[in-house]
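Listed below, chain by chain, are the residues.
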Amino acid sequence: MPLLVSIATAALVGAGVWLILRAQTFPVILGLMLLSYAANLVLFASGGLTVGRAPILIKGVETYPDPIPQALVLTAIVIGFAMTAFVLVLALKARFALDSDHVDGDPVEPQEGR
Amino acid sequence: MTLLLVILIPLLGAMLPPLMMRWGRGASAGSAILVTLAALGAWGSMVPAALRGEGATFKLPWIPALGLNLSLTLDGLALLFSGLILGIGLLVVLYAKDYLYKSDPMGRFFAYLLLFMGAMLGVVLSANLLLTVVFWELTSITSFLLIGFWGHRADARRGARMALTITGLGGLCFLGGALLLGHLAGTFEIAELTSLRDSTLSHGWYVPALVLILLGAFTKSAQFPFQFWLPQAMAAPTPVSSYLHSATMVKAGVFLIARLHPALGGSEVWFYLVGGVGLATLLVGAFLANLAYDLKGLLAYSTVSHLGLIVALLGIGTQYAVVAAIFHILNHALFKASLFMSAGIVDHQAGTRDLRSLGGLWRLLPFTAPLALIAAAAMAGLPPLNGFLSKELFLEQTLELPFAAGPWWLVPALATLGALLSMGYAVRFGVNTFLGPQPKTFPKPPIEPPWGMRIPVALLVAGCVAIGLLPDLLGAPIVELAAAASSYLEVEGVHFALWHGFTPALLMSGIAIVGGVGLWYLQRWFVPVFDQSIPLPSGERLFRATIAGLVDLSRSAKRAFHPGKLQTAIAWMILSVVLLVGSALLVKLPRWTPSPADIDPSLLGGVALLLLAIGAALYFHRRRAVSLAILGAVGLLLSMGFVYLSAPDLALTQLSVEVSTIVLMLLALHLLPAQSVKERVGLHHLRDGVLALGAAVVVGTLTWLLLIDPPTSATSAYYLAQSKPGGGGTNVVNVILVDFRGFDTFGEVIVLGIAALGVYAMLFGMGLPTRWTRPETPDESAYPLMLGVVARVLLPLALVVGIYLFLRGHNEPGGGFVAGLVFSAAIILQYLASGIGWTQHKMNIPFHPLIALGIFVAGLTGVIAIAFGQPFLRSWFEYYHVPILGEIELASAMAFDLGVTLTVVGGLLMVLVNLSKLPRSTSVRPLTLAEEED
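Protein sequence lines, in the order shown, are assigned to chains A and B.
So for the first sequence, numbering that gives the first Met the number 0 puts the first residue at 0; every next one is plus one.
So for the second sequence, numbering that gives the first Met the number 0 puts the first residue at 0; every next one is plus one.
Calculated from the structure, these hints are not laboratory results.
Do not take every clue at face value.
[What the hints assert, rightly or not] Derived Cβ-Cβ restraints for the label pairs, each shown as a range:
no. : chain 1 : residue 1 : chain 2 : residue 2 : range
1   : B       : S582      : A       : L97       : 37 to 43 Å
2   : A       : V60       : B       : A760      : 44 to 50 Å
3   : B       : P562      : A       : E61       : 56 to 62 Å
4   : B       : P724      : A       : L97       : 57 to 63 Å
5   : A       : L97       : B       : L692      : 30 to 36 Å
6   : B       : P562      : A       : V50       : 47 to 53 Å
7   : A       : L89       : B       : Y643      : 33 to 39 Å
In this text, a Cβ means the ideal position worked out from N, Cα and C, and glycines have one as well.
Excised from the complex, chain A in its bound form (with noise of 0.2 Å):
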């Protein structure tokens, strides 16, 4: 199982990096989507992982997954909501206002074939 998820974080990482390195805004900001989900899930994964027992006390019940984790990338999911509105915001005001999608506000390079 460990190893499992860490190939899922990893690709995502990979993939978000590979994203956020692209030159026009928008790929950035899919690429940011990915880093957060990855780095949501390393945080989940630092409380270990465990299948079919949710942290909802239960008389007879001793042991549970570790409850913090799960508050901390709740929060997590909705703050990184609200930051990719931002960014995505940035992103159209800098179009808006420099008549261009790259991330320099540079003109876009020519198209070659597609």
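Based on these hints, arrange chain B on the given structure of chain A.
For chain B alone, kept in the frame of chain A given last:
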């Protein structure tokens, strides 16, 4: 308590002068005078007791764990200094009222001055070394504001920066020394440090602590080789120079040496270091003063020189040397303040302070000139003035050194040379300005200034004369008291007299006076020589070179790492993270033992799908809508993963956030190009690939390490155990959010609200229509009928689901965040299905107040807990039996959760609805300003 008031009155009173400016400059100055008088009154009420040797003390623990106490004392040394600070402060305020130009913001000036006064009083009244450091830093900052008061002038900005850099660095050294000293002695209380002197002196850390503390004092008091900042600080308005360089700021260093002399003095290191630096400063300052053309520059170097004299005396450290040092502190404050004020009058009235264009002002300024000449005579050390007395004492002390310093005649000869140079520049100041031939014209025709500028000078000069004539009556008592507080030896029976027979000191004085006049006579030959041909070694040049080098270094670093290209900057950032985390992981790697990986089949399927989706997203990433849809799938897979891995709350949240995110991105895509441009294949692709791979390996390894050995936390166990009895809920994640870590959640809700408002603010000015007018019936061709019908049927159902999730959140998966997200999704669906105009007509929710209301409700829950004597946000719950429904629980956490829900709904809808209101045209061409105003 009164002691604390003496400091607090100027610090808090600093707010008055700017506020009083609306009633005019007179009111502002009046309030500054009243504040100073009030502080002086509070101080005065404690003086009689302090003179009897029963000075007030005050002690209030501040951070006891660090040894930092708010402890104050009014012993002899503090009495002398606080008297000078308040007394000269009052005169400076009076003087500044008439000195400041009409264009100067007077309220701000007096505010800075009073803040500085309070900080200085804190330094001298403090009885705790750490507290002294705190106030010491405050004086650095406030003096920076004062020196740079004329911020439109480049020299003022440069001088202020240099003063702040030098004294700030010195302040850091002082802090380090103070911490060392406190650590080795086990206390920061100065009285206790004094009683521990013997063990301190023999401690191995004594020398480092002493050197660091002295570095602080030397930089503050502009001692050699740090003397260069003081003349630069002359760009300040003259009242500031008069205050900073006579009674305060630069005297703080001298004060610190005197204050710690009983705790640290008497060693050989102390003698050579303090005495040597003092003597060197005395000579260097006096020499440079003889070369200055600027009236204030001359006085600045003379201040440096006199401070050196005081420091040298404290370095000698015998009873009478300390007495002489204290006496000279008093005398120097009086004559130097009046000299600066006279220089200010000359500058203010004649429009120049260059010695080459001055002369003969005796006839034009018949009131100021004699006063300035008397003060200059006091500075030169001529009888029967106060400067003569303390200079004699100094010369006498150089003949009785406690340790050997070269041949017996060396130090006395150097001291005589210093006095000679001092006579030289005093004559230069007095004669070249007020006597001699009058130049043909002045930039301004000089006339006497208002009385407000003349009276302070007169009072100060009267003080110089009075102490000179009646030293035993006016000087001796306070000097004895202050010297007793600054020496580890008994100081008793201090007497001063103008005449004490033909002594060696008198002979040295005589040589100095005659030689000084001769030096002045020769100045027309030697000053130009030094001026033009001999480059003097200057710390200032070194300082500037260092600063310029640092600026160059950071500029080239910026060019390399952040050349204005986001991609390069991010690449460096990722590279450093990969290298740092990677190297940390490498250290840990060898402890692994490979274990047979247990492959969970369901998880295997999920991860395979995830990898497929990520691959597809990468492959299609230039076709933006497609990649967005795939990204939605990635989010869904993650929420399924959360379900499987026992995190139902996370799954719910991820699912509902995913919906909103995709809607958001689609709305934005409406305004952005549908496709990304294909990039030319190049080296940067290799770089990006390596970085992506590196980051993936590092994070994957990190996760792996976390998972094979998950950290255990006592806090988690506590939360699990206390969730039901302490928080009243069985859903531990929810109880953490609304109760245990409620304050965090409160902060995060506020962040959400701020982000939403930020989005709104950015959209504003992008052609966001303020009023939305659309046909009231949905345009059927644009909005499909089936979707509209389904959306309207779904709305009540979704709302019920949201309420259900909200209500059960404390005990079962759900809660405020999820409920808010479900509500938002239901409402946004109406917008999508029927258009903005129709939906807003039917359901006009104001988003701004909703966000505020949510934060208010959540905050109020916390405040109510305080009203019941509980900590902020402590929750309350009770069980009630209701017929039919059975037992139900009421918890204050629900009100908090309601606040969370309201903010989430308000924030989310604000972002989504306003984004969808943007006209498509926005993205095509930038609006001109004129169009924006339409």
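Hints and how they fare:
1. For the hinted restraint 37 to 43 Å between B:S582 and A:L97, the CB-CB distance of approximately 39 Å keeps it satisfied.
2. Our hint of 44 to 50 Å for A:V60 and B:A760 holds, since their Cβ atoms are close to 49 Å apart.
3. The hint said 56 to 62 Å for the Cβ distance between B:P562 and A:E61, and at roughly 58 Å that hint holds.
4. Distance hint check: the CB atoms of B:P724 and A:L97 are about 58 Å apart, consistent with the given range 57 to 63 Å.
5. Checked against the hint of 30 to 36 Å, the C-beta distance between A:L97 and B:L692 comes to roughly 32 Å, which is consistent with it.
6. Between B:P562 and A:V50 the Cβ separation comes to about 49 Å, which falls inside the hinted range of 47 to 53 Å.
7. Checked against the given bound of 33 to 39 Å, the beta carbons of A:L89 and B:Y643, roughly 35 Å apart, stay inside it.
Of the hints listed earlier, there is not a single one the structure fails to meet.
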